[in-house]
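Asker: For chain A, the structure is supplied; the task is to place chain B on it using the hints.
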Amino acid sequence: MTATILQVSSLTKKFITDKKERTVLSNIDLSIFDGEFVSIIGPSGCGKSTLLRILGGLDTSYEGTALFQGKRIAGPARERGFIFQDHRLLPWLTVEENIKFSLPDAVEHVSDLIDKNLELVGLSDVKKAYPKQLSGGMAQRVSIARALANQPKVLLLDEPFGALDAITKIHLQEEALRLWEIEKITMVIVTHDIDEAVYLGQRVIVLDTNPGKIKKIHSVELSVPRSRMSPDFHLKKDKIYEEFFQETEKPFSYTI
Amino acid sequence: MKNVAAVRYNALIKHWLWYFVLPVVLLALWEGAAQAGLIHDYTMPSPEKVMKTAIELLADGTLVGNMFISVVRVIEGFLIAFIVALIIGIATGLFPKFETVTDFTLQILKPIPPIAWIPLAILWFGIEETSKIYIIFIGAFFPIFLNTVDGIKNIDKKYIELAKAYEVSKWKVIRQIVLPGALPFIMTGVRVGLGSAWICVVAAEMIAATRGVGYMLMDGRSLARPDMVILGMLIIGIIGKLMDDGLKKISKRIIRWN
Numbered sequence: 023m024t025a026t027i028l029q030v031s032s033l034t035k036k037f038i039t040d041k042k043e044r045t046v047l048s049n050i051d052l053s054i055f056d057g058e059f060v061s062i063i064g065p066s067g068c069g070k071s072t073l074l075r076i077l078g079g080l081d082t083s084y085e086g087t088a089l090f091q092g093k094r095i096a097g098p099a100r101e102r103g104f105i106f107q108d109h110r111l112l113p114w115l116t117v118e119e120n121i122k123f124s125l126p127d128a129v130e131h132v133s134d135l136i137d138k139n140l141e142l143v144g145l146s147d148v149k150k151a152y153p154k155q156l157s158g159g160m161a162q163r164v165s166i167a168r169a170l171a172n173q174p175k176v177l178l179l180d181e182p183f184g185a186l187d188a189i190t191k192i193h194l195q196e197e198a199l200r201l202w203e204i205e206k207i208t209m210v211i212v213t214h215d216i217d218e219a220v221y222l223g224q225r226v227i228v229l230d231t232n233p234g235k236i237k238k239i240h241s242v243e244l245s246v247p248r249s250r251m252s253p254d255f256h257l258k259k260d261k262i263y264e265e266f267f268q269e270t271e272k273p274f275s276y277t278i
Numbered sequence: 126m127k128n129v130a131a132v133r134y135n136a137l138i139k140h141w142l143w144y145f146v147l148p149v150v151l152l153a154l155w156e157g158a159a160q161a162g163l164i165h166d167y168t169m170p171s172p173e174k175v176m177k178t179a180i181e182l183l184a185d186g187t188l189v190g191n192m193f194i195s196v197v198r199v200i201e202g203f204l205i206a207f208i209v210a211l212i213i214g215i216a217t218g219l220f221p222k223f224e225t226v227t228d229f230t231l232q233i234l235k236p237i238p239p240i241a242w243i244p245l246a247i248l249w250f251g252i253e254e255t256s257k258i259y260i261i262f263i264g265a266f267f268p269i270f271l272n273t274v275d276g277i278k279n280i281d282k283k284y285i286e287l288a289k290a291y292e293v294s295k296w297k298v299i300r301q302i303v304l305p306g307a308l309p310f311i312m313t314g315v316r317v318g319l320g321s322a323w324i325c326v327v328a329a330e331m332i333a334a335t336r337g338v339g340y341m342l343m344d345g346r347s348l349a350r351p352d353m354v355i356l357g358m359l360i361i362g363i364i365g366k367l368m369d370d371g372l373k374k375i376s377k378r379i380i381r382w383n
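Residue numbers (the working numbering), protein chains in the order written: chain A, 23 to 278; chain B, 126 to 383.
Isolated chain A, as found in the complex (with noise of 0.2 Å):
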C-alpha cells in the first residue's frame, strides 16, 4: 500500500467562459497510493468535481502532470471506474442489460460477472427491472456493480451518494466501505459532506476555492468498520468544520 497508483503534479485548470478565463484548479500536487480510500472535500466551485473528471480521463485538457500508474491520463478507461451523481444508468435497458452494455465485447461468462456484482452490492432479484423501476439508492447499487463489474484498480466517486436521502445515504456508506475491505480497490470519492469525507476516507484532503488548491490534508486514523458514534470520528469531523468556517462566525458547538 505504498505504490502510488495516481499522481498529480502542479495541475492547473482554467475554463474560459465569457471570453474571461477562470481558474478552477490551481498548482494541486497529490499523490493517492494503491489501496488507499481517499476524500476530497471542499465547497462549491472549488473544482472537486473537475478534479476527479481529470483523474478519470472525461477532461483531457489541463495543464501539469496527471498520471495513473506512471501513465499520463488522457482519456476514459476500464480501469478507472467512475460514479457519477446522477446513477446514469440507460432507462431502455434492464439492469442486466445495463450492466452488459459497459463490459468489453469479448468478455466471458457475463452473465456470471453480473450475477457476481449484483451479489456484491445486494441485488440479486433486480435483474430484470427497468432502472424507472429501482429506488435511487438501488439504482446507485447498480451503478456501483456496473462499475466493479469491469474490474476497476480505482473507482473514482463523485458525490454519488448526494442525490440520496439520508438513511439510504448511510447505508450507501457503510457499503461503500464494506466493497472497499473486500475488493481491495483504490477509492477516491468527491463530496461535500464532511461526515461522509471521514468515515470514508483515510485521508481527507480538503480544498480550498478561488481558485481550487489543496488547502489541507487530514489523515484519518481510524478503525474500519468506523463508527459514527466515537468521539475520535467527532474530533476529526470538528477539526475539519473548523477548516470551513476558521475565524468567521463559528456557530456554539456542542459535546454530547
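Rather than coming from a laboratory, the hints here were simulated on the basis of the structure. All C-beta atoms in this analysis are idealised placements derived from N, C-alpha and C, irrespective of residue type, glycine included. It cannot be assumed that every hint is accurate.
[Claimed, not checked] When the alpha-carbon atoms are kept at most 35 Å apart in a straight line, the in silico DSBU-like pairs for lysine-lysine are as follows: (1) A:K191 - B:K289; (2) A:K150 - B:K283; (3) A:K149 - B:K373.
[Said to hold, decoys possible] A partial selection of chain A residues facing chain B, derived with a Cβ cut-off under 8 Å: (4) L80; (5) S83; (6) P98; (7) R110; (8) L112; (9) P113; (10) W114; (11) S124; (12) Y152.
[Claimed, not checked] Now the in silico label distances, taken between C-beta atoms and shown as ranges: (13) B:L234 - A:A188: 54 to 62 Å; (14) A:S241 - B:D281: 37 to 45 Å; (15) B:V129 - A:G144: 53 to 61 Å; (16) B:K295 - A:S53: 29 to 37 Å; (17) A:G144 - B:K374: 33 to 41 Å; (18) A:A188 - B:K374: 28 to 36 Å.
Answerer: Just chain B, lined up with the frame of chain A:
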C-alpha cells in the same frame, strides 16, 4: 364495501359513456334535422340514407374494394418513406457533414405540400399506382425524417459521456444509446407520417384514380350522390383513427421502459 375491481369497472363505463356522448348527440341532431325537413337528400342526406348506401355498397363489394386499395397504397408508400426517412434521418443526426450537405435541399423541399407534387407525379409516373405511392412517400417522409433527427439530437449527452467512460464502441453507442434514445421521437414521427400518408392517398385518388376512397368521393360528386360522398368521408375518418390507434399500441409496446 365495494371491491376495487367493481369501482374500476364503473369508472371505465363512465369513461366510455362520456366518450360517445358527443357523437351520439351529433347523430341525433343530424337525424332530427332530416326529420324536420331542414336538410335535403340531394345536398345532405339523412344518417339513415347514408346507412342504406353503406349496406348497399358493402353488399356489392365496392366499399371494401375501395378501402382495400387505399390502405394497400398507404402501406406501400408509408413503408418506403419509413425506411428512407430513417436512414437519412440517422445519417443527418449522426454526421454533421451529411447534414450540411443535405440541409438546404431538404429545407427547400419540405414546405412543398405533397399535393403540389401531384401534377409532376402524373407526368412522371402516369395515373397508375406509382404516382400515388410517390405522393404518399413525400407526405410521410418529412414527419419521420424530422422527428428522427430531433430525437437523435436530443439524446442526453450524459449517456454519451457514460459510453466514453466505459470505452464503448461507436457502433454499440448507436445501437444501444442513439436508436433507443431517439425511439420515442421516431414513433411520434411515424404516427404523424402515417396520418399524413392517409391524407395524401385520398388527395391523390381524388385527382387521378379509378379506385380507392378518394375516387369514391369524386365518383359520388359526379353521380350527384352526397350519401356516397359522406359515407366516403366517414370511412376515411374511421380508418385514419384505427390506424393511429394501432400505432399508439405498437408504440407503447416497444417503448416499454417508460
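Asker: None of the hints should be skipped; say for each whether it holds.
Answerer: Against the structure, the hints come out as follows:
no., hint, verdict
1, A:K191 - B:K289, "holds (27 Å)"
2, A:K150 - B:K283, "holds (23 Å)"
3, A:K149 - B:K373, "holds (28 Å)"
4, L80, "holds (6 Å)"
5, S83, "violated (15 Å)"
6, P98, "holds (5 Å)"
7, R110, "holds (5 Å)"
8, L112, "holds (6 Å)"
9, P113, "holds (5 Å)"
10, W114, "holds (4 Å)"
11, S124, "holds (4 Å)"
12, Y152, "holds (5 Å)"
13, B:L234 - A:A188: 54 to 62 Å, "holds (57 Å)"
14, A:S241 - B:D281: 37 to 45 Å, "holds (39 Å)"
15, B:V129 - A:G144: 53 to 61 Å, "violated (33 Å)"
16, B:K295 - A:S53: 29 to 37 Å, "holds (35 Å)"
17, A:G144 - B:K374: 33 to 41 Å, "holds (38 Å)"
18, A:A188 - B:K374: 28 to 36 Å, "violated (43 Å)"
In this structure, the earlier hints numbered 5, 15, 18 are contradicted, and the remaining ones agree with it.
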